[in-house]
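Student: On the provided structure of chain A, position chains B, C, D, E and F with the ligands as indicated by the hints.
Chains as they are written, first to last, in full-length UniProt numbering: chain A, 1 to 307; chain B, 1 to 307; chain C, 1 to 307; chain D, 1 to 307; chain E, 1 to 307; chain F, 1 to 307.
Take these hints with a grain of salt, some might be off.
Below, computed lysine to aspartate or glutamate pairings styled on EDC-like, alpha-carbon distance capped at 20 angstroms [stated by the list, open to error]: (1) C/Lys-169 to E/Glu-301; (2) D/Lys-169 to E/Glu-301; (3) C/Lys-169 to E/Asp-58; (4) B/Lys-169 to C/Asp-77; (5) A/Lys-169 to B/Asp-81; (6) C/Lys-169 to F/Glu-301; (7) F/Lys-169 to B/Glu-301; (8) B/Lys-169 to A/Asp-81; (9) E/Lys-169 to C/Asp-81; (10) C/Lys-169 to E/Glu-82.
Derived, one-sided and incomplete: chain E residues facing chain C with beta-carbon distance under 10 angstroms [what the hints assert, rightly or not]: (11) Pro-16; (12) Gly-19; (13) Pro-21; (14) Asp-26; (15) His-31; (16) Asn-100.
Hints listed in this document are in silico derivations from the structure and should not be mistaken for laboratory results.
Glycine is no exception: its CB is placed at the ideal position from the N, C-alpha and C atoms.
Number of protein chains: 6
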Amino acid sequence: MTDLVTFGESMLRFSPPTGEPLERTDTLDVHAAGAESNVAVAAQRLGLDTAWLSKLPDSPLGRRVLSELHSHGVDTDVVLDEGRQGVYYIDRESITERRNVIYDRDDASVRTTRVEDLPLDRVRSADMFYTTGITPALSATLFDTTSELLDIAGDADVTTGFDVNYRSKLWTPAEARDTLVDLLPSVDLLFVPERDAELIFEQTGPVEERAAYFADEFGIDTVVVTQGSDGATALRDGSAVRADTFEVETIDSIGSGDAFVGGFLARYLDGDDLTTALRYGCATAALKRTIRGDLAVTTPEEVESLL
Amino acid sequence: MTDLVTFGESMLRFSPPTGEPLERTDTLDVHAAGAESNVAVAAQRLGLDTAWLSKLPDSPLGRRVLSELHSHGVDTDVVLDEGRQGVYYIDRESITERRNVIYDRDDASVRTTRVEDLPLDRVRSADMFYTTGITPALSATLFDTTSELLDIAGDADVTTGFDVNYRSKLWTPAEARDTLVDLLPSVDLLFVPERDAELIFEQTGPVEERAAYFADEFGIDTVVVTQGSDGATALRDGSAVRADTFEVETIDSIGSGDAFVGGFLARYLDGDDLTTALRYGCATAALKRTIRGDLAVTTPEEVESLL
Amino acid sequence: MTDLVTFGESMLRFSPPTGEPLERTDTLDVHAAGAESNVAVAAQRLGLDTAWLSKLPDSPLGRRVLSELHSHGVDTDVVLDEGRQGVYYIDRESITERRNVIYDRDDASVRTTRVEDLPLDRVRSADMFYTTGITPALSATLFDTTSELLDIAGDADVTTGFDVNYRSKLWTPAEARDTLVDLLPSVDLLFVPERDAELIFEQTGPVEERAAYFADEFGIDTVVVTQGSDGATALRDGSAVRADTFEVETIDSIGSGDAFVGGFLARYLDGDDLTTALRYGCATAALKRTIRGDLAVTTPEEVESLL
Amino acid sequence: MTDLVTFGESMLRFSPPTGEPLERTDTLDVHAAGAESNVAVAAQRLGLDTAWLSKLPDSPLGRRVLSELHSHGVDTDVVLDEGRQGVYYIDRESITERRNVIYDRDDASVRTTRVEDLPLDRVRSADMFYTTGITPALSATLFDTTSELLDIAGDADVTTGFDVNYRSKLWTPAEARDTLVDLLPSVDLLFVPERDAELIFEQTGPVEERAAYFADEFGIDTVVVTQGSDGATALRDGSAVRADTFEVETIDSIGSGDAFVGGFLARYLDGDDLTTALRYGCATAALKRTIRGDLAVTTPEEVESLL
Amino acid sequence: MTDLVTFGESMLRFSPPTGEPLERTDTLDVHAAGAESNVAVAAQRLGLDTAWLSKLPDSPLGRRVLSELHSHGVDTDVVLDEGRQGVYYIDRESITERRNVIYDRDDASVRTTRVEDLPLDRVRSADMFYTTGITPALSATLFDTTSELLDIAGDADVTTGFDVNYRSKLWTPAEARDTLVDLLPSVDLLFVPERDAELIFEQTGPVEERAAYFADEFGIDTVVVTQGSDGATALRDGSAVRADTFEVETIDSIGSGDAFVGGFLARYLDGDDLTTALRYGCATAALKRTIRGDLAVTTPEEVESLL
Amino acid sequence: MTDLVTFGESMLRFSPPTGEPLERTDTLDVHAAGAESNVAVAAQRLGLDTAWLSKLPDSPLGRRVLSELHSHGVDTDVVLDEGRQGVYYIDRESITERRNVIYDRDDASVRTTRVEDLPLDRVRSADMFYTTGITPALSATLFDTTSELLDIAGDADVTTGFDVNYRSKLWTPAEARDTLVDLLPSVDLLFVPERDAELIFEQTGPVEERAAYFADEFGIDTVVVTQGSDGATALRDGSAVRADTFEVETIDSIGSGDAFVGGFLARYLDGDDLTTALRYGCATAALKRTIRGDLAVTTPEEVESLL
Ligand SMILES: Nc1ncnc2c1ncn2[C@@H]1O[C@H](COP(=O)(O)OP(=O)(O)O)[C@@H](O)[C@H]1O
Ligand SMILES: Nc1ncnc2c1ncn2[C@@H]1O[C@H](COP(=O)(O)OP(=O)(O)O)[C@@H](O)[C@H]1O
Ligand SMILES: Nc1ncnc2c1ncn2[C@@H]1O[C@H](COP(=O)(O)OP(=O)(O)O)[C@@H](O)[C@H]1O
Ligand SMILES: Nc1ncnc2c1ncn2[C@@H]1O[C@H](COP(=O)(O)OP(=O)(O)O)[C@@H](O)[C@H]1O
Ligand SMILES: Nc1ncnc2c1ncn2[C@@H]1O[C@H](COP(=O)(O)OP(=O)(O)O)[C@@H](O)[C@H]1O
Ligand SMILES: Nc1ncnc2c1ncn2[C@@H]1O[C@H](COP(=O)(O)OP(=O)(O)O)[C@@H](O)[C@H]1O
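Here chain A stands alone, though its shape is the one from the complex (with noise of 0.2 angstroms):
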């Protein structure tokens, strides 16, 4: 059985060597980057058995992509198919705060996935059902499709973990907000982060408050609310609790978030409090970012010598 199955697209990742801009460079650098298979990864890698389902493109790109996801021990269930490799380009990731991302993910092989094209025992059968606000964003298939295993992994009674993760570049904070009224309500874990709390749902109040809105407002158990260089705050049945990060030296910043759930996660799902998950999230979050590429290649033993 898997603990965590989660679902989206995993696009590459190229960027260039550092200070060169992507306009000049003749060099690029390639990872496997995508929130949902990050997740799985980072989940994976501190002792979850994660799945993660998607659609790809049957080419040496779609390999490419499934080759870095098996290297780190994540199961995956991926249809093989026509349509695109979605791609991103990073064009310089040196200016603090100001980092200029260009994607090319349209006609993404993944957004034509319906759940018929999905192994659904899997995902009645995991504890966990993961997925995040950018895959509703990628097609109106991928809407559906979502909203569809959210509800089957409902029916099914495995827990539902959704990260908003708002992209500008997807949609804006009135589309994202219209969508996320749907599905919020089947949702049993959240994951928010603090700006999208007040882009998208005008929530700009202090953090507990921001959380208890989701709780209040769409019926879900437990809120988490990431607050980048804050830590994080975790809201169930009515207390709060919170977690500081840890002091790294950042190298690439990219996918903290999922990082963070990541680690999450791993506690998360194995019966700890919601103290621990937190800490370890910022943990495994603070780790990521000394890494170059999205993903966190960490071990449970790195994260326990930061805590």
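Tutor: Relative to chain A, chains B, C, D, E and F with the ligands alone:
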């Protein structure tokens, strides 16, 4: 005044280091690549004044292409617009004659280019206007644009050059044929790979016969048949001349045909005779094969040292 | 159920860039490498369901090996334990046929592996169990384990495959002979390089005679003699078939033999005839030679395109 | 018409990978670098039409420089001639503020450049002619040429821009002073680093006083004093304005001053006020510091995103 | 005559590119590294005549070590013998103060070195003989050899230098203590990291007290306590002096302690006073931190520019 | 005592990655390179005790050269002085036999070397003193120094070795001839490439005749004519012997001639006969061709494995 104006798509070419499978690579080499821009670069470096017309996305990727073409001194008149940057991936450079190429060029900005987008006066005042069979294969709009440009050039007494350049990933031989029979009557100087003459036009005779077929059937002044490692043959006014290849250690064979055309035109437009132009083309193609990337980064001195 | 279970050591292979002497190099390329894991990777990629059994150190080095094997989809059942990660260094890739290899594999974790450490049910339920002459050469314990595994497989009616794979740095021909005569009677399908047949078993006759020697002397069903650039010959029920090599530009010859076996088994275990399997093996070996590293990172499509 | 014409030397800059001492390195990174070409590149990329005048050796090294400048869209009018390609080596990029630079620029082709070698009409029809104190320091011929060019520009009512840019490896402060007092009266817009004002002209007062000294002593319209991490101050018609630096993570500080000038001129020649130009200059310099190489490979969008 | 003779192991250090986890890396950087050879290199580069004594395997790996030491001008007197080349791997360079190092140095050639293998006359005619606590920790043979060498040096009136250099992967504090109490009475100049004084000898008082403990307990002339980012303190004849660190941007902290010793000895053996030697040591250590690898590839000019 | 003392220039050689044109490259590989230091490195590695005499600039560049020579165990006696570090660039390694080399060696420090700068006792006590025709071609001072050194060696009964080594970028054949006729009478052992014998001395006969010409005309004891891919022929006392080349896959042909001389001398100065020395020279040259850089980074074992 510009000697040579070319029109077409330019992609980014991504290739792994020698011996590294695309499926496993952690780095990609990046080069600008496109039949008509390849020809412009080769011709410019060998003495012509050239300009390349196209559309590119207004992004670091589009600028990456422009910057490489500019670096060789080619003038560009390019609309920066919506749309994707076309790319292609080379999987295995090493299986002799069994290269595996993955195109990812759908929705490229160039596909929506109309004659109104282009600086027609530059076309009208050039010595030659050049494009290839790849361009009309990319979209219906581009077919129209190509056709109109050939007519505009013809009406202005600008010589028109055209390379058949059949690409099986873009269309079938039958589709190619249907399109090309419309365009070829407007062509003054035709380049046609020997294998395309067979594949599309069912010409299987001796090379001179194949050349004569195009001259007769479409009323083309000068026909140059490229014959891979057998060199090239040109036919004008019923009489044929030919040139052999030059022996070099091949590092990268992609772009040989375009290098040939660029070298040929450098002499042809300068008024040299067909034999000289053919030999110059073969030498340029041979030098290209010693260089990584699609472009013939060479000099007149190097070409001459080979002759 | 797994089609093919292999057992043996996997090392890390360190090699300097082309043309750089090991004594001077400032960088090393890293690849996973080991006869039995090489075979598993080739076979898995070409369609079989494979698993590799072994011991590795519980360290980033052990995980480096695992991660590369997983990336190709091979299932592993590996004890993470004390001991070293075996490595080997390639000094000069370029002196044709005069490669200089430095093994540093003493005290590798794998050397203490006992049958009790291994998932015997996986062995018993496979189609084939495979190992090579390298494994029993590594330690007395491994000799016992190899011998027992062959028996366990035999008792469970699992076909046993074995490659003689003589390594002069591990033992003398006389030592090899003494050990192999004990093991070969348990083998159903034998791979033996032509030169090993001579060196260890003093077989100097025509290749069919050499094959017959093993069939007769040890009661082996099927004997495949690999003949380097002369291809390979197989003997079953007294009748021999052979296949030629495929011409490619060699980038890295190490691992050709394992690629051959992996390709052969992909077809053999799928029920194809000997001739088909031999040709498939030769094509896989040829493709391997175009790839840096020990592994045949290829696909059924690539292999078929060569046939 | 060209907005900005600059004249000076461009070198090749060779630097080892981060953390690698020059004495031990097995590879060098290569970039084009020269104060006046740096300014042209920055200004061109930020919207001006620029041309760079110089002499270069007729060799792959001279073409390497040209090709990098062309790649940024700078027009060049360069004599290809005898002489060396000047180069410089960076030893240790990492000892903050203790960079070790080795110039090897003697006998560079540029040193023999006379006004008759140059396209004076381009100078006369530009909006601004720009050079720096490095140029007259390189040879007696270049001093004469610089002096004559400033006069030719002045006679044609072309604004003249000049950066003091003192280099201790080229001349002493006393030598610099003797030369500069001859040239400064012909300058309309002066850039002077605060430390040069002290070192050469013994100005140690507040920055506005230093600026006023140049305005008064040499009759210069506009004086801009660059103040390193303290930003920059400009004085015109007796009134001073200033701008602060923008905080970035510095990867390579070389070329900040030239990036500042290029950014400043982009706005200044476009008619913006001094304050706007200063801020634009500071933002361009800050972005430059995030990029490896001497050149400010940036865009108006990036600069504006920083403002 | 040689000023400084050092004796110990030198390994090859393998490290992945910045930000790349060892578990995933496809390339490793290679450097020579060993406490006593690090000291010899630093001291030689800063003006001493040094020799390093050891055993190495007679292989490209042993020669790789020798060649790097020779490149810095260190003289070597090394037995080429059986045995392994010790190596170590650095997993994550970036987690500040949480470096993960994997030693693979068992069975290294050096472990069997006896005094009869060594050129004792070189020891006897040196100004100083130097080794560290790592050497006796490597094998019983090396403990004997170290002990005898200290006596041989003492008998010949050669000053003996020793750095405690505790390595938790080699022995426990208790084992270290038992061994060191035997050796320290033969030491004239002791270097001891502050943390080792606490860990092994339970000295937790102020730094001068810790130093006094060694002077009193073992009759050591001069005791230097290194204090990481707090600099260093030296005690002789009951009076203490200290020096602060120099601020630099750290690229690689490994080898700081050895660089400190090398810099200190360069001045100390030249007859300078303790304070000068301490400052020189701190400056050398600071420069080392700006360089990738264990070695302080610096010059007297660079060190002095920092003072 | 030193077996072999050589005198000449050593440059830094800069070359782009394979297939990358110099005009476009963003990185350069760095190697030490110079005929007489190449010979010293080859001979030292193959068993002789060698020293190289020269002048180098007192800079990281000069130290870069020294450090590479030291790394091979060559002793150096070098004045660190003013002047430049000579460099050379390789443009295209791949156009067989059409290598494009750019020398930038004017004003190199070495050019002002006088005999009084050199340790003449080392010359007088060597077995052989060796230099090449490149040295006297570099400056009038160096011609004098070369001439005097040959006399000093002769007077001290030190065998003198000399390689004609004509370089068309340094002088014309006529100039070379005029100079060499002055020097050759002082030479005991001459190496002369077959093509130089023709170009400079108009010797077009069979190789033995060409050798005899030098023996007779200048009274030279032993004449070795190198014949590129035809191997080499030696003449002494009127009788000629020859050796063939060894077949290898050439990666870098530069330095073959020097490797030949180094290998030849290793055996010749050890007392072996001419035939042995010739074969050893050819094997060393062949191995050199498998290595990037000018130096024959090989071992006696490797050479012998080829014989
Ligand atoms: N500067 C930082 N240092 C250490 N950890 C950080 C830092 N910034 C973010 N994190 C960690 O990463 C987690 C997610 O950060 P966030 O910025 O929300 O990620 P993202 O926007 O990539 O989803 C935070 O909860 C925190 O634990
Ligand atoms: N093996 C070769 N060696 C040298 N030149 C070659 C070789 N193959 C092709 N060429 C040159 O390249 C030209 C174009 O070759 P072709 O195979 O038609 O190119 P493409 O298919 O890339 O358009 C030929 O006319 C010839 O001059
Ligand atoms: N030069 C070659 N070209 C193509 N294929 C080859 C070549 N040499 C060997 N092979 C293939 O590799 C297989 C194994 O070769 P062999 O030399 O026996 O491998 P190894 O010694 O590595 O085990 C051969 O049967 C053949 O199919
Ligand atoms: N540490 C810094 N951070 C950001 N911008 C800086 C920094 N140092 C300098 N700059 C910018 O670069 C400009 C030029 O700096 P300066 O040190 O005078 O350059 P240079 O000496 O290279 O000519 C300054 O005016 C400022 O705008
Ligand atoms: N952060 C730092 N910045 C500058 N110098 C330092 C720093 N840390 C250590 N040093 C220098 O290195 C010396 C040795 O440091 P230490 O940590 O004891 O080295 P190690 O543990 O590697 O032996 C110190 O005495 C100091 O001079
Ligand atoms: N193609 C080759 N293969 C193997 N060895 C060669 C080859 N060409 C030259 N050599 C060896 O190198 C030696 C010197 O060659 P030569 O061309 O004279 O060198 P150079 O011109 O570099 O001085 C020859 O005597 C021969 O031994």
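Student: Quick one, are F/Lys-169 and B/Glu-301 close enough, alpha carbons at most 20 angstroms?
Tutor: With Cα atoms ~17 angstroms apart, F/Lys-169 and B/Glu-301 stay inside 20 angstroms; holds.
Student: Just to be careful, I want the Cα atoms of B/Lys-169 and C/Asp-77 compared with a cutoff of 20 angstroms; is the pair within it?
Tutor: Roughly 42 angstroms between the alpha carbons, so the hint for B/Lys-169 and C/Asp-77 is violated.
Student: Regarding the hint that E/Pro-16 lies at the interface with chain C, is the smallest CB-CB distance below 10 angstroms?
Tutor: At about 9 angstroms, which falls below the 10 angstroms cut-off, the nearest Cβ of chain C leaves the hint on E/Pro-16 intact, so it holds.
Student: Could you grab the alpha-carbon distance between C/Lys-169 and F/Glu-301 and see if it respects the 20 angstroms cut-off?
Tutor: holds (17 angstroms)
Student: Next item in the hint list is E/Asp-26. Is there a CB on chain C closer than 10 angstroms to its CB?
Tutor: holds (6 angstroms)
Student: For the hint on E/Pro-21, just tell me whether its beta-carbon gets within less than 10 angstroms of chain C.
Tutor: Hint holds; E/Pro-21 Cβ to chain C Cβ min 7 angstroms, cut 10 angstroms.
Student: Tell me if E/His-31 is really an interface residue toward chain C, meaning its C-beta lies closer than 10 angstroms to one of theirs.
Tutor: Because about 8 angstroms separates E/His-31 from the closest Cβ in chain C, which is inside the 10 angstroms limit, the hint holds.
Student: Verify the proposed pairing of A/Lys-169 with B/Asp-81, using a straight-line Cα cut of 20 angstroms.
Tutor: Cα-Cα ~17 angstroms, so holds.
Student: Does the structure keep C/Lys-169 and E/Asp-58 at a Cα separation of 20 angstroms or less?
Tutor: holds (16 angstroms)
Student: Regarding the pair D/Lys-169 and E/Glu-301, is the alpha-carbon distance no greater than 20 angstroms?
Tutor: holds (17 angstroms)
Student: Has the given pair, E/Lys-169 with C/Asp-81, been kept, meaning a C-alpha gap of at most 20 angstroms?
Tutor: holds (17 angstroms)
Student: Is B/Lys-169 within 20 angstroms of A/Asp-81, Cα to Cα?
Tutor: Distance ~17 angstroms between B/Lys-169 and A/Asp-81 Cα, so the pair holds.
Going down the numbered hints, you'll see the structure goes against 1, 4 and 12, while the others check out.
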